[in-house]
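S.K.: Here are the chains, one letter per residue:
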Amino acid sequence: MINILFFARLQEEAGRESLHVEKAGYTIRELKEWLDEEYRLTGLNRTMTARNEEFTNDDAVIADGDTIAFIPPVSGG
Amino acid sequence: MINILFFARLQEEAGRESLHVEKAGYTIRELKEWLDEEYRLTGLNRTMTARNEEFTNDDAVIADGDTIAFIPPVSGG
Amino acid sequence: MALFEITSEPIAADTVAGKVKRPEAGAVVTFSGTVREWTNGRRTLKLEYEAYRSMAVKQMERIGQEVQDRWPDTRTAITHRVGELHITETAVVIAVSSPHRRSAYEANEYIIERIKELVPIWKKEYWEDGTAWVGDQLETHPYSKGGPPLYD
Amino acid sequence: MALFEITSEPIAADTVAGKVKRPEAGAVVTFSGTVREWTNGRRTLKLEYEAYRSMAVKQMERIGQEVQDRWPDTRTAITHRVGELHITETAVVIAVSSPHRRSAYEANEYIIERIKELVPIWKKEYWEDGTAWVGDQLETHPYSKGGPPLYD
Numbered sequence: 001m002i003n004i005l006f007f008a009r010l011q012e013e014a015g016r017e018s019l020h021v022e023k024a025g026y027t028i029r030e031l032k033e034w035l036d037e038e039y040r041l042t043g044l045n046r047t048m049t050a051r052n053e054e055f056t057n058d059d060a061v062i063a064d065g066d067t068i069a070f071i072p073p074v075s076g077g
Numbered sequence: 001m002i003n004i005l006f007f008a009r010l011q012e013e014a015g016r017e018s019l020h021v022e023k024a025g026y027t028i029r030e031l032k033e034w035l036d037e038e039y040r041l042t043g044l045n046r047t048m049t050a051r052n053e054e055f056t057n058d059d060a061v062i063a064d065g066d067t068i069a070f071i072p073p074v075s076g077g
Numbered sequence: 001m002a003l004f005e006i007t008s009e010p011i012a013a014d015t016v017a018g019k020v021k022r023p024e025a026g027a028v029v030t031f032s033g034t035v036r037e038w039t040n041g042r043r044t045l046k047l048e049y050e051a052y053r054s055m056a057v058k059q060m061e062r063i064g065q066e067v068q069d070r071w072p073d074t075r076t077a078i079t080h081r082v083g084e085l086h087i088t089e090t091a092v093v094i095a096v097s098s099p100h101r102r103s104a105y106e107a108n109e110y111i112i113e114r115i116k117e118l119v120p121i122w123k124k125e126y127w128e129d130g131t132a133w134v135g136d137q138l139e140t141h142p143y144s145k146g147g148p149p150l151y152d
Numbered sequence: 001m002a003l004f005e006i007t008s009e010p011i012a013a014d015t016v017a018g019k020v021k022r023p024e025a026g027a028v029v030t031f032s033g034t035v036r037e038w039t040n041g042r043r044t045l046k047l048e049y050e051a052y053r054s055m056a057v058k059q060m061e062r063i064g065q066e067v068q069d070r071w072p073d074t075r076t077a078i079t080h081r082v083g084e085l086h087i088t089e090t091a092v093v094i095a096v097s098s099p100h101r102r103s104a105y106e107a108n109e110y111i112i113e114r115i116k117e118l119v120p121i122w123k124k125e126y127w128e129d130g131t132a133w134v135g136d137q138l139e140t141h142p143y144s145k146g147g148p149p150l151y152d
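Chains as they are written, first to last, in the UniProt record's numbering: chain P, 1 to 77; chain E, 1 to 77; chain B, 1 to 152; chain L, 1 to 152.
Everything labelled a hint here was simulated from the structure, so no lab data went into it. You may find that some hints are simply not true.
[Stated by the list, open to error] Quick look at which bits of chain B chain L covers, simulated, 3 or more residues with Cβ under 8 Å:
hint, region
1, 9-23
2, 30-36
3, 105-113
[To be verified] Not everything, but these chain L residues come out facing chain E in the computed CB check (under 8 Å):
hint, residue
4, Y49
5, E50
6, Y52
7, K58
8, H80
9, Y110
10, I112
11, V119
12, P120
13, I121
14, K123
15, V134
16, G135
Values in this document were obtained by computation on a predicted structure and should not be read as measured data. Ideal placement from N, C-alpha and C gives every residue a C-beta, glycine not left out.
Make the full structure from the sequences, and use the hints.
M.R.: Take a look at the structure:
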């Protein structure tokens with residue numbers, strides 16, 4: 001199982017803060033494609049990804065127990 | 001009558017905060033020379049001068065009622 | 001006393017500055033980011049800040065480490081607020097102390113730039129005529145035009 | 001509420017910053033000059049600040065005007081303390097607000113430079129091994145090497 005977190009606009013679009021799915025072994029790119037099909041989340045290609053609270057890239061492979069967070073462009077400060 | 005103000009080291013050297021003297025008509029330069037002779041104040045040549053709370057220069061002529069302040073190098077902040 | 005914090009309470013800049021004061025430091029530079037009413041002629045009524053809290057703290061610590069590497073004589077504290085904020089309220093306070101002032105100014109300005117690149121905090125604008133998550137529109141600053149660096 | 005003040009009481013940076021907050025400003029940069037214990041390997045025990053108070057306020061107002069001319073969208077407040085100050089106590093607070101942060105940083109740094117040139121305030125150092133009025137020795141910065149501009 002992996003844990004997926006949504007924030008800001010993505011959270012509103014997904015209608016949820018998180019999702020638990022059996023996607024260990026997927027790359028981030030494959031996970032994005034799956035989410036796009038399944039949940040019709042727009043703009044995932046403009047979204048950064050964090051794995052276990054560190055930024056990562058689309059080629060990273062997800063391990064069982066990972067927390068994957070989609071980070072829309074930040075606007076703090 | 002003019003009013004002379006001393007600060008910081010000059011105040012310690014002069015042993016006083018102010019001095020009232022009949023020196024209207026003097027230039028700042030002449031006043032410095034007079035103070036140097038009369039009070040043995042050192043380093044007046046390294047001292048800025050303010051007349052009525054605005055910086056002025058050695059050629060300025062002092063008018064009756066003026067307040068002349070000697071401003072050693074400042075070190076606020 | 002945490003140097004890097006996310007809070008839902010109002011922030012007092014003096015509290016953040018107090019964390020970096022020390023006998024070796026002669027300068028403390030503090031930046032407060034406050035909620036502005038007008039942006040490009042559009043009126044903001046309020047803002048809502050949301051954070052990925054645990055990661056936001058980690059990223060602020062990372063920025064603190066970058067600052068330590070570049071300006072070794074500085075000490076840094078950052079507090080960012082989340083939740084609903086009204087006009088003139090403080091969203092973020094950055095405090096940097098240093099023995100001499102130059103590095104405190106430089107490091108402080110560096111930090112706010114990095115926060116805007118790296119720290120997972122989002123701002124939703126409530127205008128008179130609508131709402132939007134700031135930064136999350138193609139016309140503003142999509143990541144393709146210079147987002148945060150990638151870490152593997 | 002005076003924007004430019006000399007006080008013999010402790011200064012709270014938040015009080016000075018509060019004077020420049022306003023709905024148009026999204027940034028407040030605050031500089032606090034604090035009493036440092038060590039300077040060039042010499043230990044300071046305490047400082048004493050003396051001011052030509054009325055002129056000091058006038059000169060701070062002049063600096064405020066210069067800043068207004070150069071960065072028209074800023075608002076500035078300065079408070080300088082006088083009397084006896086101990087290690088880590090705050091001698092001066094400069095607060096600048098602006099709609100966008102760049103001018104607040106720039107103006108703030110300009111102001112501290114100008115204070116050190118123009119404002120009649122003097123600092124007496126009490127070291128472990130003696131005392132001296134700072135700046136008032138030939139080896140530091142006599143006016144001949146770049147003091148305040150002259151006004152007629």
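S.K.: Any hints this thing doesn't respect? Which numbers, in order?
M.R.: Number 9 - this is the single hint that the structure violates.
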